[in-house]
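Protein chains in written order, with the working numbering: chain X, 1 to 141; chain B, 142 to 257; chain A, 258 to 368.
The set of hints was computed from the structure by calculation and includes no laboratory data. Beta carbons are placed, not taken as given, at the ideal position from N, Cα and C, and that holds for glycine. Check the hints yourself; a few may be wrong.
Label-pair restraints from in silico Cβ distances [said to hold, decoys possible]:
id: 1; chain 1: X; residue 1: K116; chain 2: A; residue 2: A315; range: 29 to 35 Å
id: 2; chain 1: A; residue 1: L311; chain 2: X; residue 2: F16; range: 23 to 29 Å
id: 3; chain 1: X; residue 1: T31; chain 2: A; residue 2: T283; range: 36 to 42 Å
id: 4; chain 1: X; residue 1: I12; chain 2: A; residue 2: L319; range: 35 to 41 Å
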Amino acid sequence: MDETTEGSFQIIGGNFGNAGEASMQLKSKLTELGVNEAIIRRAAIATFEAEMNVIIYAAAGRLHYYINRDKITIKIDDMGPGIENIELAMQEGYSTAPDWVREMGWGAGMGLPNMKKNSDEFRIDSVVGEGTTIEIVINLS
Amino acid sequence: MTLREIAEILEADVVAGSDDLDVTIKNACSADMMSAVLYYHTPDSLLITGLTQPHVIRTAEIAGIKSIVFVLDKKPGADTIELARQKKIPILCTRFCMYTASGKLYEAGLPGCLFK
Amino acid sequence: MKLSNIVENLSLEVKTGENNLQNDVTGAYISDLLSDVMANGKEGNVWITLQTHLNIVAVSGLKNLAGIIIVNNRPVQEDVLQKAESEKVTIMSTPLPAFEIAGKLYQLLNG
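Work the whole structure out from these sequences, hints included.
Right, here's the structure in full:
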C-alpha cells in the first residue's frame, strides 16, 4: 500500500433505506487491501455512526476516505443544523434526536462517543446553521 | 451453543440462513439501540432485538454479529430478509419477548456479551 | 416477589424511588423503545433498558411499572433522576448488560 487509496460517498439526510452503505463499502475496500480485521471493524463502526448522524440530523453530507500505509482518514462534512454545545454532545447519553429516530433504534446519545472510542485521532468542528465536520484517523500500525 | 440449539430453545422459525444452523454462538446481546450494539459488540454474538428494518442487518454486519433473533413474532420485510441472505446473517423469529428469550438462553448456559 | 428482593439478589443500585421497594413485581420486559413498552409493558413489570431519555419516567408512570433497571452502568442525566424522584418512579442501575440481568432475573422469578 504505497499509494493512497481514496473514495467518497454522498449521504442523503433522512434516507434510512441506504443507512450503512458507505461504511459497508469502506469495509470491503479495507478487506481488499488486507487490513487487520479488528482495525476494519473500528473503522466501519466509526464510519457507520458518522453516516447515521448525517442521515438523522442533516439535509445531506459527504464522506471522504483516504487510506495510506500508515493510517485511514475519514472526513465527513454535512449541511446540517450544526451542534450548539460540542462538549455536551460528546457526553454519553446526551442526544437531541427526535422521537421517530429513537423509535428506529438510534439517538441513544452514543454516536459521537462511539466514533471517538474507535478513533486514534478525532476532531469535530461545527457551526450552528452551517454544518458539522468530523475527522477520524485510525492508525494502521 | 449452536444456532440450531438456540432455534429449538426459542421455538423459532428460521427465515434466513437455514443452511447455517451449525454455526457456534459464543454470547448474546439484547438491545434495540443500534449504537449499543456497535458500542458493546463482541464478535460471534447473537443479537436479540425487536427491530426488523434492514439497517439492523447492516449494524449486525458492521459489529460482527453472527445471527439475529427477532422477538414477539415480528416478521421482517422482504428487503431485510434479502439483505440478511446476502450478508450471510441467519435470522430467527420467536414468539417470545426479549426478556423471556434472554432468560431461556441464559438458563441454557449462553453468557452475555462482555463489554468494555 | 417484592422489588426489594430483586434489588438485593441482583445487587442493583437504587437511584430514585427508594420508597417503592415494597412493590410487587409481576414479571419483566426488555425494550429500548418507548412505544414498545407503552404497547407491551404490563403493570408491575420491571423494565430493563439502556434508554435513559427523560420520557422513560412518564412511560413507567403511565404503565404502572414496578421500576426501571438501567443496564451497562449507563449514566442517567440529573433531570431524569429528578423527574423520577418527583413522580415516585424507581430507577435502578446495574453494570451488567440487558441479556445477563434479564437472565438472572428470569432465574430468580421462575426458579
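Here's how the hints hold up against the structure:
1. K116(X) x A315(A): 29 to 35 Å: At roughly 31 Å between Cβ atoms, A315(A) and K116(X) fall inside 29 to 35 Å, so the hint holds.
2. L311(A) x F16(X): 23 to 29 Å: Since the Cβ atoms of L311(A) and F16(X) sit about 24 Å apart, the hinted range of 23 to 29 Å holds.
3. T31(X) x T283(A): 36 to 42 Å: violated, 49 Å
4. I12(X) x L319(A): 35 to 41 Å: Roughly 36 Å apart at Cβ, these two residues keep to the hinted range, so it holds.
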